[in-house]
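Participant: All chains should be modelled from the sequences, with the hints used to inform the complete structure.
Listed below are the residues making up each chain.
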Amino acid sequence: MSKSVAICRYGAGNVRSVELALQRLGAELTDDVENADLAILPGVGSARSAMQGLRERGLDEVLRARAKPTLGICLGLQLALESSEEDGGVDGLGIVPGRAVRLRDGRVPRIGWAYVEPQGDAYWFAHSYVAESPAVTATSEGLVAVVEHGNFTGVQFHPEKSGAAGARFLERCLSRA
Amino acid sequence: MPLPRLIPCLDVADGRVVKGVRFEQLRDVGDPVELGSAYSDAGADELVFLDITATLDARAAAVATAARVAEHVTIPFTFGGGIRSVDDACAVLEAGADKVSVNSAALARPELIEELADVLGSQAVVVAIDTENGRVRSHAATRDAARDTVEWAKECEARGAGELLVTSIDRDGTRDGYDLEQLDRIGTAVSLPVIASGGAGNAHHVAAALDIVSAALLASILHEDPRRLVELRGELKELGVELR
Chain Y
1 MSKSVAICRY GAGNVRSVEL ALQRLGAELT DDVENADLAI LPGVGSARSA
51 MQGLRERGLD EVLRARAKPT LGICLGLQLA LESSEEDGGV DGLGIVPGRA
101 VRLRDGRVPR IGWAYVEPQG DAYWFAHSYV AESPAVTATS EGLVAVVEHG
151 NFTGVQFHPE KSGAAGARFL ERCLSRA
Chain U
178 MPLPRLIPCL DVADGRVVKG VRFEQLRDVG DPVELGSAYS DAGADELVFL
228 DITATLDARA AAVATAARVA EHVTIPFTFG GGIRSVDDAC AVLEAGADKV
278 SVNSAALARP ELIEELADVL GSQAVVVAID TENGRVRSHA ATRDAARDTV
328 EWAKECEARG AGELLVTSID RDGTRDGYDL EQLDRIGTAV SLPVIASGGA
378 GNAHHVAAAL DIVSAALLAS ILHEDPRRLV ELRGELKELG VELR
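Sequence lines, in order, name chains Y and U.
Taking this note's numbering, the leading residue of the first sequence gets 1, the next gets one more, and so forth.
Taking this note's numbering, the leading residue of the second sequence gets 178, the next gets one more, and so forth.
Source of the hints: derived by calculation from the structure; they are not laboratory data.
Every residue, glycine too, gets a C-beta built ideally from N, C-alpha and C.
Don't take each hint at face value.
Unchecked claim - Some residues of chain U that are not near chain Y, with every Cβ distance over 10 Å (derived): (1) Arg236; (2) Gly273; (3) Asp295; (4) Thr351; (5) Gly354.
Said to hold, decoys possible - Not everything, but these chain U residues come out facing chain Y in the computed CB check (under 10 Å): (6) Cys186; (7) Asp222; (8) Glu223; (9) Asp275; (10) Ser299; (11) Ala301; (12) Gly350; (13) Leu369; (14) His400; (15) Arg405; (16) Val407; (17) Leu420.
Facilitator: And the structure:
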């Protein structure tokens, strides 16, 4: 049976790739963020404008109240935390304990494919901030790559842009939803 | 650091991949979706599509091409050529591209970099820099932009660029190897990822570039043939380059 998936739309950005990736997996797309089997919070722009976009559409409350699984991607993970250092400090949704901090080492933005442990697959990353969270369940080069807390899963990488490995990851999210 | 990246570059005109020397004698070499998918299957880490017509009429065709690519290609891709405003950039990102690349438009109006970074995030903003003898060239490298390359690279970073795509014009098409000294100077001056372009003739050249920058743009070295990418990846791995 195909699962229903709602992708949160709250501003300009690359939601199309997420949509296409889920369509390829046979998911049924819906606008009903409250009741969909899986809700996806994609990452769009900066933390402050993204939080504003969520609040304007009432999506902050809908996401906090969701009883079914939610997947946050990239900035979508960071927005679920309690706060972010970005834009001089921004309050997050507070769904997952922790905060987003600026990357301090290496070249920033951190862009490219990197292995995620313990799974072992390489996924594509593109970020300047990263989560610090006790809910971490997988890392990449010592950085938080996946957080899981209650029914929320957040990934710092972009499964929708990570080829076959990304498709497998999204398929697992769908099958668990 | 993430793994070094190999990024095939496809020149696009009116929805087709073309090969030619600066607008002259353009030859049709295939469909962007078919070639892009084949490069993805061959192990490309990302793709760059450069719309080399980039006239006003070509904008709609470019967005349509980005949309078709996004439907079939599941690795990240950058779209460049003719992007002069936030609206232009949003159109290709909303079609499914991950980044935009700007060059002459940013030189003409550097605030464009800030505007793009504000709306799209720095990670989606690539500034392409054409350089010759330490100076920036503009308008498909036909004009002197009256800027020092390293200074311009630093300004791009300060304005919010996410990556720099540096093409050494004097090496482009020579297959004599990348201008490693110039790449090193730029890489030292900024903390952004740098993508090297221009001059790759063999795997040793690519390996030497990946020693000092984050990614290598691959154009003529591939001969528009995805099988050549498979071979190149094999050669690079033998040289000790850790690839995906």
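Participant: Could you run down the list of hints and mark each one as holding or not?
Facilitator: Hints and how they fare:
Distance to chain Y confirms Arg236 of chain U as a non-interface residue, since its nearest Cβ pair spans about 17 Å, more than 10 Å. Its closest Cβ contact with chain Y, about 4 Å, brings Gly273 of chain U to no more than 10 Å, contrary to its assignment away from the interface. Not every CB of chain Y is more than 10 Å from the CB of Asp295 of chain U (nearest about 7 Å), against its label as outside the interface. Separation of Thr351 of chain U from chain Y is adequate, the least Cβ-Cβ distance of about 27 Å exceeding the 10 Å criterion.
With a least beta-carbon separation of about 23 Å from chain Y, Gly354 of chain U lies farther than 10 Å from that chain, consistent with its non-interface assignment. Interface hint status for Cys186 of chain U: violated, as the beta-carbon distance to the closest one in chain Y is roughly 17 Å, over 10 Å. Annotation: interface hint on Asp222 of chain U holds; nearest CB of chain Y at approximately 6 Å, less than 10 Å. At a threshold of 10 Å, the smallest CB-CB gap from Glu223 of chain U to chain Y is about 8 Å, leaving the interface hint in force.
Taking 10 Å as the C-beta contact cut-off toward chain Y, the hint placing Asp275 of chain U at the interface holds, the least distance being around 6 Å. Among the interface hints, the one on Ser299 of chain U holds; its C-beta lies about 6 Å from the nearest C-beta in chain Y, closer than the 10 Å criterion. Interface restraint check for Ala301 of chain U: the shortest CB-CB distance to chain Y comes to about 8 Å, inside 10 Å, so the restraint holds. At about 26 Å, the closest approach between the beta carbon of Gly350 of chain U and any beta carbon in chain Y exceeds 10 Å, and the interface hint on this residue is violated.
Proximity of Leu369 of chain U to chain Y holds as hinted, the smallest CB-CB distance being about 6 Å (cut-off 10 Å). For the restraint placing His400 of chain U at the interface with chain Y, the shortest Cβ-Cβ distance is roughly 24 Å, beyond the 10 Å limit, so the hint is violated. Interface hint at Arg405 of chain U: violated, since its Cβ lies 20 Å from the closest Cβ of chain Y, which is beyond the 10 Å cut-off. For Val407 of chain U, the shortest C-beta to C-beta distance to chain Y is roughly 15 Å, which exceeds 10 Å, and the interface hint is violated.
About 9 Å separates the beta-carbon of Leu420 of chain U from the nearest beta-carbon of chain Y, less than 10 Å, and the hint is met.
This entry does not satisfy hints 2, 3, 6, 12, 14, 15, 16, going by the numbered hints stated previously.
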